[in-house]
Every structure is written in C-alpha cells, then in structure tokens.
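If you're matching them up, the sequences are chains A, B, C, D, E and F in order.
Under our numbering, the residue at position 65 of the first sequence is numbered 67, and the numbers go up by one with no gaps.
Under our numbering, the residue at position 206 of the second sequence is numbered 208, and the numbers go up by one with no gaps.
Under our numbering, the residue at position 147 of the third sequence is numbered 149, and the numbers go up by one with no gaps.
Under our numbering, the residue at position 93 of the fourth sequence is numbered 95, and the numbers go up by one with no gaps.
Under our numbering, the residue at position 52 of the fifth sequence is numbered 54, and the numbers go up by one with no gaps.
Under our numbering, the residue at position 98 of the sixth sequence is numbered 100, and the numbers go up by one with no gaps.
Among the hints, erroneous ones may be present.
Since the list gives no way to pick out one identical chain from another, each pair is judged satisfied if it fits inside one copy or across any two copies.
EDC-like mimics (lysine to aspartate or glutamate), calculated; alpha carbons at most 20 Å apart, straight line [stated by the list, open to error]:
hint: 1; residue 1: Lys112; residue 2: Glu217
hint: 2; residue 1: Lys112; residue 2: Glu203
hint: 3; residue 1: Lys112; residue 2: Asp78
hint: 4; residue 1: Lys29; residue 2: Asp189
hint: 5; residue 1: Lys29; residue 2: Glu197
hint: 6; residue 1: Lys28; residue 2: Asp189
hint: 7; residue 1: Lys112; residue 2: Glu207
hint: 8; residue 1: Lys28; residue 2: Glu63
hint: 9; residue 1: Lys210; residue 2: Asp78
hint: 10; residue 1: Lys194; residue 2: Glu12
If you're looking for bench data, these hints aren't it; they were derived computationally from the structure.
Protein chains: 6
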Amino acid sequence: MAQNDSLLFEALRGVSTDSLAGVLLKKGLSNQWVRGPMPMRLDFPRIVGRAFTMRFIPSREDVPGALAKKLLVNRDAVEAMPPGCIAVADARGTRDAATFGDIVVMRMAKRGVAGIVTDGAVRDRMGLLASRLPIWTSGITAPPPATRLMLAAWQEPIACGGVAVFPDDIIVADSDGVVVIPAGLADEVAAKGMEQERLDEWQIEQVKRGVPLSELAPMPEGNIKTTAKH
Amino acid sequence: MAQNDSLLFEALRGVSTDSLAGVLLKKGLSNQWVRGPMPMRLDFPRIVGRAFTMRFIPSREDVPGALAKKLLVNRDAVEAMPPGCIAVADARGTRDAATFGDIVVMRMAKRGVAGIVTDGAVRDRMGLLASRLPIWTSGITAPPPATRLMLAAWQEPIACGGVAVFPDDIIVADSDGVVVIPAGLADEVAAKGMEQERLDEWQIEQVKRGVPLSELAPMPEGNIKTTAKH
Amino acid sequence: MAQNDSLLFEALRGVSTDSLAGVLLKKGLSNQWVRGPMPMRLDFPRIVGRAFTMRFIPSREDVPGALAKKLLVNRDAVEAMPPGCIAVADARGTRDAATFGDIVVMRMAKRGVAGIVTDGAVRDRMGLLASRLPIWTSGITAPPPATRLMLAAWQEPIACGGVAVFPDDIIVADSDGVVVIPAGLADEVAAKGMEQERLDEWQIEQVKRGVPLSELAPMPEGNIKTTAKH
Amino acid sequence: MAQNDSLLFEALRGVSTDSLAGVLLKKGLSNQWVRGPMPMRLDFPRIVGRAFTMRFIPSREDVPGALAKKLLVNRDAVEAMPPGCIAVADARGTRDAATFGDIVVMRMAKRGVAGIVTDGAVRDRMGLLASRLPIWTSGITAPPPATRLMLAAWQEPIACGGVAVFPDDIIVADSDGVVVIPAGLADEVAAKGMEQERLDEWQIEQVKRGVPLSELAPMPEGNIKTTAKH
Amino acid sequence: MAQNDSLLFEALRGVSTDSLAGVLLKKGLSNQWVRGPMPMRLDFPRIVGRAFTMRFIPSREDVPGALAKKLLVNRDAVEAMPPGCIAVADARGTRDAATFGDIVVMRMAKRGVAGIVTDGAVRDRMGLLASRLPIWTSGITAPPPATRLMLAAWQEPIACGGVAVFPDDIIVADSDGVVVIPAGLADEVAAKGMEQERLDEWQIEQVKRGVPLSELAPMPEGNIKTTAKH
Amino acid sequence: MAQNDSLLFEALRGVSTDSLAGVLLKKGLSNQWVRGPMPMRLDFPRIVGRAFTMRFIPSREDVPGALAKKLLVNRDAVEAMPPGCIAVADARGTRDAATFGDIVVMRMAKRGVAGIVTDGAVRDRMGLLASRLPIWTSGITAPPPATRLMLAAWQEPIACGGVAVFPDDIIVADSDGVVVIPAGLADEVAAKGMEQERLDEWQIEQVKRGVPLSELAPMPEGNIKTTAKH
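Start from the sequences, fold in the hints, and give me the full structure.
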C-alpha cells in the first residue's frame, strides 16, 4: 500500500458507502454498488482497500483427460494477495457452495488481507465470526468450493454482484454493503464524498431542529465547522 | 387520527399479524400479507396506522425535454403525511437503490409518522437503527433513490409486496411482517382478531399441559378469563 | 393523432427499435427497452403510437365493505382510448392471469387502437392471433384478469417491463421488442435514428464486400444514396 | 431411537455440516446440502436425528365435491412423530404461508421432536424464538398454512431445498444449515467426518503458526492428540 | 374411460381453458391454471383426460448403501397408465433434465395415453414433434431424467406448475395452457363452461357489429342459436 | 480445423445432444448442457466446432480516468476467430442488451465462423434470421451491448449457461440446445455417442412394434445393421 493510498484510504474511511454511491451517480456512474454481499457482523468497521479480484466458474467433475493441466485453487491465490488488499470474488451468486472457508480465511488474515467480498457464499459461519477478518457475503453454506465452483483466474476484470470490478479498483464496504470506485477517480470521489458527509451532517442537524426538507438546500458556506464522520 | 381510530388501533395493537392473516383468510381475503418487508429490529413494538401510499416507478435519466415538469420527490411527500400514518412504498421490490434514506426518515419521525413499510430497500442502516422510527424493509442498500426510482405519486392505490394497498387501509406490522386490513373491514377484523388471540392463548395453555391437538377444539366458552396479549 | 404525429410516426416506422435504443443510449437514456413483451406474430409490422397507459395492481377478493366504490375495469378504459394509441399495460409481470382477453381486444381494434404492449399476459391465443391487432406480450395464459389483477388507473405514469412510461410517450415496437421514446425527444430521436439506419445499411454493404469491421468507420459522407429502410 | 442411533448421533454431534458436506462430496454425493433453511437462532446446538418427512402441495380452495375425503393436517402428523426425529418439510419454498405455527411447534416439543427443517416459512417468530425447539427455516411469515399449502402425506420420499430426503435419512443441522446423510451411509460418513474434523483442527493450528497452506498436507500421523470438536 | 367420461370429455372439448378458468374462479377456485407448460405445437387439438400423476424429486447419486431398494422409473410408470389418461408430471420446474424422452413417449402413445403435461422439460424435440402425442411442457432440454430427477411415486396428489393435482382430476389443455378441474366438480364446470362459450360467441358477434362493451351484458335469453365451439 | 477435427466433427454431427448428455453423465460429467440458449430457427442443422470463448462483464459508464486503456470490443474479437469455430459468449444471462448484433454477425459469417452460442441475447432478429449463421441464444433484445455489457477477454475459461467452457472444448448444438464436450474426452464421447444413437434407433423400432420398455434391454449384438442418424 503506497503512501498515497494511505492518505486516500484514511479519507475514505470517513465516507459512507451511501455518500460514495451518491457522488458516483452524480459523475454518471450508476452501477457501482454490489448486489448481494452484506457484512457478517454489524460491528465491522468500514473497510477500504484495493481490489484483488478472483474469478470462479462452475466446476467440472474431475475426469482424466478432461483438462490438460491442474487448476489453481484458493490456496494458490492467497499467497499472491498483497497486504491491505480486499479479496473480491466473482462467484456468479452461487449460494450452494462456498467461495471461502475458515482455513483459507485464517491464512488470508495472517497475510494481512483487509477484508473479503463475495457475491457467493462462505462456510463455517461460527469460525468466520470468531475470526477478526471482515467479510461481506451473499450467504452461508456448508459445501466446499469444489462442489460447484472452480477458480478460473485472479487479478482479471470481473463482475461481482452485477458490478464491473478491475484489479486495483478501490473497494469500500460498510453496513450498507459494498461500493466500487474506479481507480482513476478515487481522489476526486474521496474529496466529493467528504463534502457530502459534511452536508449530510448539517442537514440532519437542521432536521433535528424541525426545519422542513424544502428549506434545507443549499448548505450555508463558511458556517460549517464539522468534519467528516469517522 | 380520529377518536374512532384511537380505539381501533388500541385493539389491533393486541392482535398479532398471524391472527389477523388467519381472520382475513376466513373472510375470503387470502392475499393480505406483504411479501418481503421485515422489521429492521426485532424489538420494534407492533405498529398500527392508516396507510399513506407512495408509488415509485423506474427512473429515467434527466434529459432536457424528456419530461414537461419537475417530478415531486420524497421530501415533498413527507410534508403531506398526517401524524400517525404509516408510509407504505410500492418500490416494485427494487433492492439496488433506496426508497428512503436517513434524512427523510428523520423528518418523517419529526412529523409524527408512525412507521415505514417498503417492498424495496432503505439506506444508512446504522442511522436508521439509531433512529426511533420503526421500519419494515426488504433490504439495505447504499445508492440514493434516483439511481433507479422516481416517485410517481402518493395516496393512490398501489401494490406493496404483491398486495393491493389503498390509501387509508389499516396497516399492522410486527415481527412476522406486515398485514393490510381493508378500511371497511377493520372493526370486524379487530374483533375477530381479539377472539383469535384468546383462543391461541387457551390452546397454548392446553398444549403445555400435554393435551394433544386433536382434543383442543372447541374452546370451552365461559371459562376464559384471559384477555388479548399486549 | 395530430398532423405532426403523422410525419413523426412515418419517419419512425422506418427506424428499428435497435437503432432507437442505440440513439437513446447516446443521449444518456439507458433504460428505454421494455423487458418481457415480444410480438405474438413475427409478421407484425413495426408499430408506432402514443402510449395510453394502464396500471394494474394485485386483486383483492370482493368483500362487502372492503372498497368504497366500484373499480373501473378494462372495458371502461377501452372507451377512453384515442384512435392510433398504443395501450401499454403495467401488469407487474403477472403471468398467471391475463391483462387482456379476446373480447376487449376486439373492441380495441374496432376503436382504432394501433397495438397493445403488456408486461403481463394475454389470453385466448388463437383468437388474438386471428385478430389483426398487433400485440406484444410476456406470456399467454387462461385465467381472466380478476384472478390476480385489478385496473387501478389509466393515463398515469407507469412502469412496463422495468421502464418508466408516461402518457403520450412514443412507443415503437417491432420484432426486437418495445422501445419507449420520451415525448419531448421524439423529433430528435427520429432524425438520429434515420441517420443510424443509413449507417447500418452502409456498414452491412461493406461487410458483405469483405471489409473488416475495423475499417468501417466513419461512413464517407456525400456518397450515401441510401434512404431509411421501410 | 435405537442404541445404535445413540452412538452414531453422539459422533455426528461432533462433526460440522461443512465436514459432512465435504465427506459426502468425496463419496460422489454432491447434492446433500439443503438450500434455504437457516437456524432461527445462532445459539442453537448442532442437532442430529432421523428425518420424519412431510410433503405439502399448493392448497385448493374448500369447495363441496372438490375432494372425496378430508385431508390430514399438521396436527395429525405431529402425533405420528417418534421422539428424537427431525421433522423435514417439503413446502416447495413457499414463503407466503407458514408450514408450522407456534401451537403445533409447542406440541412437537412436548412429544420430544428434536428439531424442524422447512424449505418454506414458519410463523409467530417471537413465540418460536421463545420455545426451546431448534428450527431451520427459509423465512418468517404471518399467514396460516391453509392460505397456500395442504399437507399431502408424511413419511414419503420428498425434496427439501432441492435435495432428496427419504424417511429415516440422517439429518444434521448447525449454523451453516442442513445436511442430509443417506441412512445406509451414516456410519461411514460419521467416521470420515470425525477424521476431517481432526484434520481441520490441525490445519488451523498450523495456519495460526504462519504455515502457508501449500505446506499443510498431509497431516503427520501419530502426532495428533486432538479429538473431534463438540 | 367410463361411458360417463366419454360424454363429459366430449362436452369439455368444446370449452376453452379460458372459459374453464373463468367458471372455476366464479366457484371460488382461483388457482387451477398450471404455470409453465405450453403446447409444443400450436396445432394440437384441445385434449381432455383424467390425470395420471407422476411425482419426481431431485436425484441422488447412485452409491452402494444409499438406498435400500431400487427406485421405479418412467418405464415402470408407463405400463400402469390407463388408455385415455393424461400423464401429469410434478418435476418442480426442473429445466436442465428431461422428465420424458422420445422412447418413453413413443411407448405412451402406443398404450393410448392422451397427452402429457410437465412443469419440467422434455428432450428430443424433433422426435417428439414428429410423434402424434400432444405434449405441454415448460422447456426443451438434452440431459436424461437421471441427471437431476428421480421418479418418487405415481398416482399421488402432486403439484404441477403451482397447482394441486389429484389422481383422476380432469385435465384440459389447449393453446392457452392447462387447467385442472377437481373430479367432483367436473359435470357442473362443464355445463357452466358451455354456457360461457355461448356467451363469448354472442359477445364477439356484438363487438363485431360495433356495440360498446358496456352494452353487452346481459346476453338476451332465447335468442341464442349458437352452440359450443369445437 | 485439423484433419483430426474433421473426422471427429463428422462423427459428432450424427449424434444428438441428448445422446451426448447421456454419455457424458455415464462418465460422471453431470453439468455439460448449457441452460438458456435455444436455436433461433428449428431448421438449423446440428453444428459442431471448437469453442472460441468470449467473456463479458457489466458495463461501466465511460468516465475520464475510470479506465487506463481502451477496452477491446466485439469487432476486435471477431478478427481473432478461426474458421470453423463456434463463438461461445458468457454474458451472465443478460437479456436487456445484446451480446451480438447483425453487423458483427455478418462479419463472423464472412470469416467462416460455424455458429454462435450466447447465454445472453442477440439483436436484429429479422436480420439474423435472414443470415445463414446458426445462432443459439437466450433471448432477443434491442439495446446494443454497451448498454449493459463490456467484453472483458476472449479465449479464457468461462461459464456459459451455468457450464464451464474452456477454449477449444467441443461444442455441439441442435434443436435440444447446446452440449459442451471437454477436449480431452471428445474421441471417446463421440464413439460412445454413436453407439447410443444405434441403441436408440433399435429401441424405437422395438417400441413401434409394441414391445414394452421392460423388454428392451439389452440390444442384441450382431443383429444391428443401422448406422448413426444424420
């Protein structure tokens, strides 16, 4: 994680996925919220990191001659993940086999992975809840990956929950789900996101005082002392 | 909320949505339970109120000339809601954009709205959980309404979760979801519902004593001292 | 149908829904193709007309006191349809009850309705196929409307197949389905659509001669003799 | 419950559904995890028991002459359930009417039923949460069974959540859902499952020490002191 | 097929599934049209017969010890079908494996089966189209039944396309799909259905003459010369 | 297309997808039939070829800075396709934007592509029907690809209709849909498939003579004169 990322991520940790989705929409990006994955625990902190993409396809039973070479699996991918990344799995919404299980997840935690996002499912709910690794998933299941899925590749452009994700896109995940920020737009989106947070705070303040919504805009400039929420 | 409503609502707060769905079925109404919305917190009280209906349609990108006049939005609708009403949103099950966000919800709370039911999603989960307004929703999301939805009208007949809802129908929502009582049947349904609650209590009592279910009916009249659960 | 419409419609009858969807996308309108409805016969001509919108909600069993007044039904709506309009029904994708049956459709034909689009189903397949009225539907069914649907209103903004439709929007339907053109953009979209048709023709001509696609753009201006297909 | 079952069940209570799904897959059984049902509480213990199957079909309105004889209902089935069994309901994923309600569930608890699995829904969430009976369900609802479902038979082969279940198959349910073990394979699967649990524990131990996953297999024999988790 | 059936079926062959669905709805039966199956050819005649029900469940891989006894398969069931019956398969909507293939269907034709209804799929489209047996199916597929399905039983109450079907219910299928008439109501429904056909014909006649729909009801008695369509 | 392929393909053109799915299942491959795509015309010949895979992901609106480099599009991929290949598109079942349109398809035909399989949709139905290129598709639509899809890569392992497809797998498509044969198994599967065809022909012959299915197996060896159907 570069120095640059460190400042950017610090800023983004103060911006909700709601505000980010709003800012991205204003820039014409209407499809950046990932359908499906929700946090396994509501007390996870908001996480920010660069996407390490993983692409799964349906499994094919293991038959001599069916495939020329051995496929790589999760445990191979894990060793390629840089610290601080967020693993984003394109599992095509498969809910009846896991994309990740507890042993792989524990290794990911050891390697400093910042979090996991899958549009499929994970298994060993209690083990994962006990671990400290923040996970956003579309479901819980018991069967191992090979039941339905094969890892086809990593660090390729993928889809996750109906959204395009490119390697190194910025992922932000909190209690409202997961938003994907194109790498080239990250600084601008972070800046606009912090502004939006300040506006929201001011608006909530006003509403608490009984001001009707029609009288809320625009926020008076200069008067704002608030800083982005953390 | 008329005096009349006050007594009716008091009665209905003692009747579960289960009992109401059963009573409505006996009257030939088989489609009064709303598919999708569940309470954001399990400790919400049962809520009762008249429906303030809101109708959403898919959004159309903002292009000069596309529409003759500005569309009304949530913040306009909120000011038209009478105290004690329950806002019921027909969002066509849209889960990738919110029907309500925290600022609008806070204003609704200020205005005395009794609760929210949406067959779509809401955003800012933590803010909404922190607020005191009881919300039944089909999902949590980050994107703002305009990403996918436009408010087309309010106080029209709508569908919510596959159920017809007319303005001023009686809405009852608890931990088993949301039931819609046609306005003209409310008194009768409330009365029958209270009876059903008494019967359920007596049956549970008998089952606890080890009586098989085949010996449960009919409930002996006159012996019942129990009153409706609260 | 005004004189104006007559020229506009004549132009649009020479533009495919494909070209229209492409032109609308270039203008930033990405959601104008209606999901579901397909023509009942592949030999229907392309039809063009202004939308007469109809809005259905789930039916509620007929119980005394449930509703204050009689609901209007299809046969009431039909008499309000102007000649040349296209009836567009928001049936919420309901496939197990019809939005239209043969008797109502025959009356619509008598009144000069230009066509029907429904995101639900129609019934009496053979009767409808025999009739001359062009119909785009998402399914065929046997049960009458009242089994699942009530007509809530007409000439209101609706959704049809996931697309917003306002009364008097321009509907174009052909063998690739149905496209909705916002009324205020119709002239511009028609003009651009005719250009697109010419470009397509030129490109197909080039491809037939063996030119690779990479060498196709731009179309040489001045050389084009072709006119829009009819 | 035979003596035999008692030992088998004791063993299986130490094996997670994850390990069982993995063992079954290695034996060529790839479709033994039930799609849909999840535990109503995360603190339920893992339950093990023989399947008492129940088969539901869509309800048909009660019309004189429609059916020759009275259908049996839940309360009849309950009295046929042996102590220690797990009731497994094939509700075809119906979520808008309950397969079980609180009174029937309380009677099942009285009769010593070990748990409930339904691919449909249950009603009276708070009552069921308060009861001690462990329930795996695909949803919560308010309407009673008759709204959409009739009990067609019990102790027949059924499907539950896309999986074949035969009477007396072994059901294991925990926080990752429900796995079905064919009766004839139970001893072998239990033995292999206990081995798998030991392997998992050893692997997790190694991962905690920082061993990469590629160096994990095989587990060194003889060194293992650990016993199956409980 | 009893003498009685012969007259009843003759009458029902003159009544469309539309009219039957309408008549059944008036008697309070709102769920008798089967979702999914459509005729493989539009020129099939309307077919009428008693239901021979078949019930499929998901397949379980063939493992020694998994099942105590050999399961019966389609070819066993076929020999139990009486001439004139309509085979109705509950395949739970499975579209990626066939419920019937061409060899079994050819044998069914030989045995005098009147038709097939499946809420799943069939395979060998060209062979089946070439055969004379009328088939209503939800899809076409290539894989054989065992890929996903096992025959669990026949002549039991089943669900087909979301509708309860009891052995010996009357099945009517035409170009608008399949309707199930409870055995005990067949005579009454047939009589009412013939009346409805006459009313429809009269109404269509009137509409052709330009009479608005509001003036159509009631049909003048005594003037009707028409008989049921064939 | 190698000499080898030429003989293999000739053999496979005599084997139905039904027989191939059956043979693959016997070899333990249960998931080789592609869900969704059906032929646009029923009179297409059976096609056989090696898969040229194309992988689509959801589109991202075109924003400066969002992506570092220009994405390749269909027209780039087309020039990389070898004569005789079958283009297989992983469109994730997207039905509201095309994977292919008429101009690209015409160029594919020019280049000698043998056919197209997409689990998404195509556009310009009439143009494609008029072309000679056989197409298996899950739907027809009007919007161009960019509305919802971007081409991410070609000749990578993909999923199509829930089935893994590797570059150079053998694709066979006929009126029952599309089957994928792993490249390494092709010769064996072709041989077994031809046997199966002969068995089917013999069985149908027997059934036509009135032999019950129980007496059909095994086929008497030596007596068979028939050859594979073409």
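Evaluated hints:
1. Taking identical chains as interchangeable, the C-alpha atoms of lysine 112 and glutamate 217 lie at most 20 Å apart only when they sit on different chains, with a minimum of 15 Å there against 51 Å within one chain.
2. When the C-alpha separation of lysine 112 and glutamate 203 is checked against a cutoff of 20 Å, the pair qualifies only between copies, where the shortest distance is 17 Å, while the shortest distance within a copy is 37 Å.
3. Proximity of lysine 112 to aspartate 78 under the C-alpha cut-off of 20 Å is restricted to the intra-copy arrangement: shortest distance 15 Å within a copy versus 43 Å between copies.
4. For the homomeric pair lysine 29 and aspartate 189, the shortest alpha-carbon distance inside one copy (13 Å) is at most 20 Å, but the shortest distance between copies (28 Å) is not.
5. Taking the closest pair of Cα atoms, lysine 29 and glutamate 197 come within 20 Å of each other only inside a single copy of the chain (15 Å); across copies the shortest separation is 29 Å, beyond that limit.
6. Only within a single protomer do lysine 28 and aspartate 189 lie at most 20 Å apart by alpha-carbon distance; the minimum there is 15 Å, versus 28 Å between protomers.
7. Taking identical chains as interchangeable, the C-alpha atoms of lysine 112 and glutamate 207 lie at most 20 Å apart only when they sit on different chains, with a minimum of 12 Å there against 42 Å within one chain.
8. Taking the closest pair of Cα atoms, lysine 28 and glutamate 63 come within 20 Å of each other only across two copies (11 Å); inside a single copy the shortest separation is 46 Å, beyond that limit.
9. Proximity of lysine 210 to aspartate 78 under the C-alpha cut-off of 20 Å is restricted to the inter-copy arrangement: shortest distance 18 Å between copies versus 53 Å within a copy.
10. For a Cα distance limit of 20 Å, the shortest separation of lysine 194 from glutamate 12 inside one copy, 14 Å, qualifies, whereas the shortest one across copies, 47 Å, does not.
Violated hints for the displayed structure: none, as all numbered hints are satisfied.
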